[in-house]
Amino acid sequence: MTIQWIACAVLLSLLSGGVGLGASYYRALLRWACFPLLGLSGLATVIAGFLALLGDPVSTQLPLGLPWLSWSIYVDALAGFFLILIGVVVFAVAVFGPGYTREFQHGRHSLAALCVPTGLFVAGMQLVVIANDAFMFMIAWELMSLSSYFLVAYQHEQAANRRAAFLYLLMAHIGGIAILLSYGVLAAFSDGFSFELLRAAELPTLWASIAFALAFFGFGMKAGLVPLHAWLPEAHPVAPSHISALMSGVMLKVAVYGFIRVVFDLIGQMQVDWGVIVLLTGSASALLGVLYAMQQTDIKRLLAYSSIENIGVIFMALGFAMIFLAAGYPKLGTLGLIAALYHALNHALFKGLLFLSAGAIIQQTHQQSLEHMGGLLKRLPYTGTFFLIGCLSIATLPPFNGFASEWLILQTALQGVVLENGLLRIVIPVTAAVLALTTALAAMLFVRLYGISFLGQPRTRQARQAHLPSFGMRSAQGMLAALCILLGILPAVAIKIMGAIPQTLRGLPAPEITGQGWLWLTPASAASASYSAPLVLLGLALVWWLSYFLLHGRKHQQVQRVPAWDCGFGPLSARMQYTATAFAMPIRRIFKPVWLIDEKIERSGDEQGFHTSGLRHQLQVSDRSWKWLYLPIGRWVLRSARLVSRLQSGNVRTYLSYSFFTLLFLLWLIS
Amino acid sequence: MTALYATMLIPLFTTLLLAAIPHCRAAGWINILATVATTVASVLLAIKVFHTGPLLSDGKFFYVDAFNVYLLVLTAFVATTTAIFSRPYMSYELRQGRVNNRRMRLYHAMYQGFVFTMLLALATNNLGILWVALEGATLATVLLVSLYRTPESVEAAWKYFILCGVGIAQALFGTVLLYFTAASVLSSADEGLLWTSLYVISNQLDPTVMSIAFVFIIVGYGTKIGLVPLHAWLPDAHSEGPTPMSAVLSGLLLNVALYAVVRTKMLVDGALQNASSTPQLAGYLMMAFGLLSFLVAGLFLHRQRDIKRLFSYSSIEHMGLMTFAFGLGGPLATFAALLHMTLHSLVKSAIFVTVGHASHIAGTQLIDKIRGLIRTQPGVGWGLLLGTAAIAGFPPFGLFVSEFLLLIATMQKMPWLTLALLSGLVIAFAGLFRTIHPMVYGSQPEGQLPVKANMLPVYLHLLLALWLGLAMPTVLAQWFDQATQLIAGQGVLG
Amino acid sequence: MNFAQLGLQEQGVILLAALILLSSFAMLAQSRILACIHAFAWQGVLVAAATAMIALVANQPHLYLSAILTFSLKALLIPWVLHRIVIKLEIAHEVETVVNPALVILAAAALVAFSYYIAMPVEKLSTLATRNTIAISLAVVLIGMLIMVTRRQAITQVVGFMSIENGLFYTAVVATHGMPMVVELGVAFDLLVATVIFGVFFFQIRASIDSLDVDRLSRLVETSEIDEMTVEEE
Amino acid sequence: MADLLNLQGWLLVLLQTVLFVLMAPLLTGWLRLLKAWLQNRSAPSLSQPYRNLLKLMKKEVLVAQTTTPLFRIAPYVVFATTVLTAAIIPLLTVHLPTAAIADVIVLVGFLALGRFFLALASMDAGTAFGGMGSSREMTIASLAEPAMLMAIFTITMTAQSTNISQAIDFLLGQGLVLRPSFMFALLALMLVAVAETGRVPVDNPTTHLELTMVHEAMILEYSGRHLALMEWAAQLKLMVYGVLISNIFFPWGLALDNTPHNLLLSFISLIGKLMVLSVVLALAETVLAKMRLFRVPNYLNLAFLFALLGMLSHVILEAGA
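Protein chains in written order, with our numbering: chain R, 1 to 671; chain P, 672 to 1165; chain C, 1166 to 1399; chain V, 1400 to 1720.
Worth flagging that the hints you see were computed from the coordinates, not collected in a lab.
It is possible that some hints are incorrect.
Selected chain P positions facing chain R (in silico; Cβ < 7 Å) [claimed, not checked]:
#  : residue
1  : K830
2  : L834
3  : S868
4  : V886
5  : L901
6  : V967
7  : P1066
8  : I1079
9  : T1089
10 : A1101
11 : L1137
12 : M1143
13 : V1146
Beta carbons: idealized from backbone N, C-alpha and C, even for Gly.
Excised from the complex, chain R in its bound form (with noise of 0.2 Å):
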């Protein structure tokens, strides 16, 4: 059955591609074709990976690829469990569709250029998660990179746009040759690029971390990981939001599945070395991820900063089962497995939802800017709602879903102390605090975030005349926000849902979180913690009723509106107000050297000082990996161009004594 549904997913979005091409002609088979299409090809999706989580796995060949090397699919557990992930959010985006994208229908964009790619690009997704052999893997990930490409040059006026997605492609296309090799080192074992036979495939310790280092480089460039992030912040915030919300929510985790894949299934071994790289370089992005993102004005570069910070969260989860498991606790390492992809899960959500509901914003306001936003939630309430569920989930607040995964990742941290490696029980509880630091700034992110754009004083026209987003556009994002809640009431159905994956996965045992039934989280024991998230709703809306009740008891007078306390000294304007950088400034000044600062203030009035007439304030900050890493090599790859460019002298003699010493090296060689 399962393969039955997901084929008709598939074939859907390429349908929809497909219907796309007529799209620039017909302008409202945008509205009516593509999208309902690319909405029915989610909720296949979905189905199917439901049936493939609770049912057991099923595989099949396709007739296309090369004679000896046909594709052939392979769905189970953990595939299952990622195309849930991709139906929801493509659903999601598909509702949210057509309303955000009137706006393109009757200006100069070619409607074409935005459905292809869609179609292709959540096509190239779900085959990724279902390939079974290293040829189809290959082919379906560079077809999303390759289609996520042409969405982010999808408004190719600007040069910035065009130089973010050629940078896009080409870390893309570094990725995507680092997994190849990786799957290279496994076929050279094994007799075949089928994942059976590479699973079987037995490789010495050095070339199994070879293959290691090489998915870990492929998947985490992708993914976003630290060193290799500059691309993430200069891709997302330039395609349309809709696609950056499939970007941010959604690719991100295919690349966190392939990483599993690669790393959990196919590659037998496991060594604490490899888990202590992984868990250090979440640990590295998660942070500058959170403190990068602190720093930014516009909505949607914050955004994708955050995507990375949460990318290095969930690979932090994955470092910790991969220790557990190498130091030989497999109970251990699928609870961290377990907290890993129900985090990625819940990123996936509340990351679609940020993402849907700036792109409403933009929409609105056609600002991207947060110095420009202010007061929004008074025009745009259902929208301001949903952010604000979505900031409480990102944030990692108790009700919600982000706390129940980081709840989850900071227990299997405290189950560190079991390991008799004294060197890890050091750096385990170093990473968690860390963690908790990430934890801490992303929740002033996220107040920031929502402060400055949807309460206090609108800052400017746009923001004071914005009026409420089309139907389809705010039922998607109420759908994700459901989803937030009901993902963080009730975890423990969701967890128990998911624990036929690690069976999967090399036969790691099934998690015992949900021992105690639907109502409590019990990751260890019983005894050692638990958390049982519906009590703790039931109690807060209690004591929230009682004094509700309580004060309002008596007589119920009511309540005036005045104007704020302004110190007396005149009305107050929305200048008066915090400013996104004025917010961020005091994490500016503490984590100084973390980030490229040059700030000019110019103060113009007399020299003496006495009288300001006015005072200029210019911020810049930037990313040191471009000066450290992006900018050396490629002064160094055109150094060598130009060395090279000098064998070009054009002159004929020189051309021929070139020739001629060739001749006389090789035969003087050979003799």
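Chain R is already provided as a structure; the job is to place chains P, C and V on it using the hints.
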């Protein structure tokens, strides 16, 4: 046999016909008809060879086996599509006044002459005739390079002629040495140059002389392939001649030269098998040349200011990759090389056609002045973008498959070489896309009008590449497999 | 197998080989173009004579035909064509200063030693009487290339190219008593067409840079600076 | 989980939570009394905080024009989270049924949720003070969090459980054991407590000097019953930290079984411990002056250092592996 003779004689006859009649308006159409007829004949020949196995003509003059028959069909097919493109292109050039009627007559005659020499080189069994045919191909194209009579094109033609002349001379010396060793082993001297007889007795040939002969041949024909450091003429010749000529040169002539080197390598491998100290000498030489060209050409891509020079360097890079693959030997690498050769011809000629149209739209070949193609003419813009993605080896297109197989084969045989391949691929990709990006995207510069463009060949080639990339038909796979068995000893499918 | 026991014809063949080598050296160091063409003509004559001598020694009848073909082509036709072009372009009296000729001659001598070192295994294998002249033929080819590399005038480059062809033909004759006839014809035909095209090119180059100095042909060059505006990475 | 069902357990929880909430203003009153004595001025009566709260509840509520409904929801959320935090901390008896619902990390989560809503509400008024207060509060909180978690780590490492009642049960069973790791953890937790509840060295609770206040800046716009809830929540938070520190590091006296006799005994020991703790806090507040905002990071780094030393000493010295 009739199909074989038909494939050979049609282009010869058309060359003479086009040369004889003074300029007539239908020259373009005759050109297309002739190439279509040749393609039909070559397809019939291919079907015949596919069913009955290798075909040796009476008198052992022609020899067609699985390896060269697919090249014959490929050459004829690409020549046809380029002819279809060249008719409107050259008539536009005629209207622009860059060529006069007399030169058009020369152009069409030499075009067919060039096709004839390539088909002859592919089909002949005699290595001497192979040399003569390649020399003929050089002569045919040298006049075309200087068709526009601009100082640059004259200079390019001169360099092309001198360098290829010297290269071909070295190849002749190699062939003479080959003949010398064969004559000392074979009974009757006149069979000394027939490839079939040489292949049979290849293990009795003297190893040292054969290795010297191979050095001369690889340096000689290597100049024709455009391997670094012998490549200097290629960018000039490809960028100064008319675009259809560059398309055909880039797509086909380089393949034929590589075909000649591989034929000789089969003999040298046979000779060196048991006798000499390094049996893999030929393979190592080709790998060294291939890798050097691949890396150096990749770096060159970053410095280009003329779009046709950019893609000629990309041709050098791909030829380097193919030479490396053939040098690596083994079934997987050879299959990858054959597939790469086909796909490179298809995609590279499609790109040159699009570049021709792009330069017409922008009125110049300078990269800095070509902007906003997608906005001006989506057909050309998207064609160029997809073509560049295909040539850079992105998956849905076939080139990814051959690079995939090659990387896996290198990983199995010589793992530490994959790093060089990886960096080469990435540097080349970066160079190519960095220059294409501003040209294709961006807003339409004022005064830039779409031009009447026949994009049929381009999308036909790209569709073929896509089809080969996604679902390789078993017939074609068996075809390549027979050729691989021939070259590398054992096939991939078996 | 010292030189003395060889029959008179063999001695003649080896003498002719030495003379051919001398003619190559003459072409190399000649500063005037006309003298260069005359040296080339002499080399054509000597190669034809050597072919005839070998035909006599090894009694290969078809070699006579090749000798006549070579004599008519490389001793008469091509030099005459080149001579006429030089007169028409009025560059007969131009003197081309060869860059320090002594060094070039030394290099040529080194090339002869090198080609002898390379040709040694080939000569061991050959059973023909003329085997030890293979080294000389390889030397002629390499010196022809040296001429093309060191001379600046287009016409002297063509003469160098032709001298390489002479060397190749001579190798074929010496090593294997000539190639099969159809290949001989093909090579000869290609050579003729090449000469015609060279002629055409001389006029085109003259028209474009009104001189035949090859170093002036350096428009297609890539040392132009590309601005670093777009940042990119490996 | 099993003992969740019996009614008697729930009654006990209700009693303890109500007691906890009612005692909070008393603790603040006692603290103000001590500070007044130390600064030798006459102190307000112990019940002054209660009278303030009652007065505020009866007063009229004024709300800024620019505010959204969030501004009026926030006080209830802040109060509810703090009360829930109080519910899961064992005040008098160790075996508390609600302790299983949420462990220490969830407790930190509750405080974070309260702080999140408080910060948002303060920015709603659209004045500079709200922005300034929330920015500073969130910065201090984010720097304090790693130190707090590291201290919790040290405790759970020894007690092998993050469930507070299990941990206290384990520590009580151990009797008097002088652990260096606990000493460092205690110091770290006290420094963090001071930072989180906005006491003197970090922020002055009684000041109205705009540029210096952190917590006060956030509740500047509140009035009437909302202000009452906010004040009460702040006092409750101080009480929560006090009880947390006293019950974990000095657990003696806590009732193991729920007989009325032991409960009374533990109540008395609790009062004693809290009074000692508030003496220490009052002394610290009178001796130290409020630090500049950008010296607070060094202060919290010190707290983190202590917590780290605690964890290291546990791993190296006590665990002995």
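Against the structure, the hints come out as follows:
no.: 1; hint: K830; verdict: holds, 5 Å
no.: 2; hint: L834; verdict: holds, 6 Å
no.: 3; hint: S868; verdict: violated, 25 Å
no.: 4; hint: V886; verdict: holds, 5 Å
no.: 5; hint: L901; verdict: holds, 5 Å
no.: 6; hint: V967; verdict: holds, 6 Å
no.: 7; hint: P1066; verdict: holds, 4 Å
no.: 8; hint: I1079; verdict: holds, 5 Å
no.: 9; hint: T1089; verdict: holds, 6 Å
no.: 10; hint: A1101; verdict: holds, 6 Å
no.: 11; hint: L1137; verdict: violated, 11 Å
no.: 12; hint: M1143; verdict: holds, 5 Å
no.: 13; hint: V1146; verdict: violated, 10 Å
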